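As given, the protein sequences belong to chains F and C, one line each in that order.
Take the first sequence: its position 291, counting from 1, is numbered 291 in this note's numbering, and each next residue is one higher.
Take the second sequence: its position 280, counting from 1, is numbered 280 in this note's numbering, and each next residue is one higher.
Hints may contain errors.
[As the list claims (entries may be wrong)] With the C-beta cut set under 8 Å, the calculated list includes, among others, these residues of chain C facing chain F:
(1) G61
(2) V115
(3) M126
(4) M308
Simulated from the structure, these hints should not be mistaken for laboratory data.
Please read all numbers here as calculations on a predicted model, not as lab measurements.
Yeah, the Cβ is synthetic: ideal placement off N, Cα and C, and Gly gets one too.
Here is what each chain is made of, one letter per residue.
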Amino acid sequence: MEFFIISMLNGLSYGLLLFMLSSGLTLIFSMMGVLNFAHASFYMLGAYIGYTLSGVLGFWPALVLAPLLTGALGALFERYCLRRVHPFGHVPELLITFGLTYVVLEVVQLLWGRIAVDFAPPPALQGPAFTLVNHSVEGLRWVWGAVPLTLCSAADASLRIVCSPFPATRGFMMLVALAMLLSLWLLLTRTRIGLVIQAALTHPDAVQALGHNVPRVFMLVFGAGAALAGLAGVIGGSTFLTEPAMAATVGSIVFVVVVVGGLGSLSGAFIASLLIGVVQTFAVALDYSVGSVLAAWGLGLSPAWQASSLGHLTIAQVAPILPYLLLVLILIFRPRGLLGTRDA
Amino acid sequence: MNAYSVHDARWGSPRVWFVAALVMAVAPWVFGSGLAITMLSQMGIAIIACLSYNMLLGQGGMLSFGHAVYTGLGAFVAIHALNRWSAAALPLPVSLVPLVGGVAGMGFAALFGYVTTRKSGTTFAMITLGLAELVFAMSLMVPEFFGGEGGVSGNRVVGTPAFGISFGPAIQVYYLIALYTLASVVLMYAFTQTPLGRLLNAVRDNPERVEFIGYNPHRVRYSAFIIAGFFAGISGGLGALNFEIVNAEVVGAARSGGYLLFTFLGGATFFFGPIVGAILMVLAFVLLSELTKAWLLYLGAVFMLMVMYAPGGIASLVMRNLQLARHGLLRPMLGAYGLLGLASGLCALGVSALIEMVYHRQLNAAMGTQLRFLGGAVDTASPLHWCTLGAALLLAAAFFEWARKRFAVQWDAAQQAIEQARLQHAGEAP
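Okay, chain F solo, but in the shape it has when bound (with noise of 0.2 Å):
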């Protein structure tokens, strides 16, 4: 029960940091048909300079300041690059963010160097945010922050305890997303610049017309979308590991969030974030092949089958492809994704 609980909170917080990067993605994509290739470069970007930040200011100045930058970074990559090849058509400017990536990756080696950096939470978060105490006799029971050792180890050789922490900094992250899910449904559903997005996703000439800098609001856009995987750096780069291939590591899923969700849907990326942090997460944990499975349903495998490395597979090995695999699946069935409206 308790490796349920624990394995799905941390599917669920995956999940979320994933959405984080795919709201921002989304947003750029609805609004500007691009969709850029260099997002999880952002996401590494943001991690790379929260932890210079976090040297010099502390950490939670870094957890402002960062963001700012990358999204500014990001802004000034959409006035003078993007908006050039906007009048090429989609494909340039996919290609374009795609060179980004190639660049931003060797300028963070050059910066930072090619292996990873020390980039710790602060304090507050380290350890564990509650633990789950799980007592044969006393059964399951909820305690704040890390618990000591001899509530852990039973004195009696017949009792077993099994004590399951939970990190803080997933769940400062989970805190986190949501906090930045409701900013952002408020700003784009109650706020003047908001109304003036959604319109300009539509109607841009109309929004034109009306007197406003709609390139400008592109820009602004763009900035906010990366923002947004700066933010994600910064928590996903303490939490994890701040190393060049973050942005590989993450960027591929992504990309399959956003297309299974449906393209353009931030709804339909929102499930699909949880979904595969879900999937992914529980797959890890499990430790079945093939041929376990079916022998634990009395069917026995060929013995050529046996010896194969496939019938050896377990799902904890096959967890990386999963996600490809979820989104082959959803192109042959569901060609415009869980919540796509249009067929791009």
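Once you've looked at the hints, dock chain C against the given chain F.
Here is chain C on its own, set in the frame of chain F:
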């Protein structure tokens, strides 16, 4: 993207193919070193791969992030076929191994392409990316086929040599590659002239209208995808023969990205563009990566500049200047060209010095602060050197801006003159 110039009649003439064959036959005698022959072989392989990639990107408007899947799987099947042949001592010539790779590439393209080609544009790009990740992740899971970390190795010297050709020496493999390259290039050029090739261009430009005149865009894309997969597989098979080892890297995302990058740099809108791109690719991978550790940064920056300022790639730059020359407008522009070249050369020099200095501080700090840069020595610890470089770079940038403005004015005037001449020729202008 602009129109794909298939009308370029000079390409179809037998004379061009004859010259190409001659160049390929003579090249190993001109550049005789072992490195040169290796590079020439790799160029042949890359030319087939990039041209097959451009069948999708330039002719079909399909931006694929997973072309290495087809070259890579072709390579794996080819090396397994080679090993089977040598184990069973089948009386089949080694020179047919690339064809096995081609058939394999075609088979996988037929399998995956049905899903991927349903849509074009962004969705197509994302599905190919997902499939590429899927295949790459699989490659580490199924060591029987992909050979795990070490890859699959083979031996191309199999059976009795026919006509004294054992394919042991690199030069014999080079000529095999050259033959395949020539045949593939001719066939792929011929494809652009077929009704299917023309329909593919139509599907790229306006799938809706193609549908209205009674063709199925999905089927057109799918057919082209399968044919591109065939040539990609041939390229992979040749690679397997050339290196005698195939590892999971050949289906990786970096390889796919390389095809995209260099096909675009060469020029996706002209048939010969990807050939230029493929040659550049081998030069960059073999020579540039030796020269500097930051080569991917230069590559990415050049690619971005190219997308912004010359989206037709090198091929379109060449064609635009040839057009200028035909109208006799190139000669008056040579001065502006010289200034622009000088200015951009200075800028590139300054920027690369800066990059190399930062790199040196970051990666080679243990080797002292001295950095050899183009024959000179710079001290990465001296503020004077940094400041001098910064000031020089600013000056160069100002010079470049001035030269660029001058050039832009002349260039626009020349383009207008050409347009005027065209209109007059058509009898539309006063």
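- prompt: Which of the listed hints are broken here?
  reply: none
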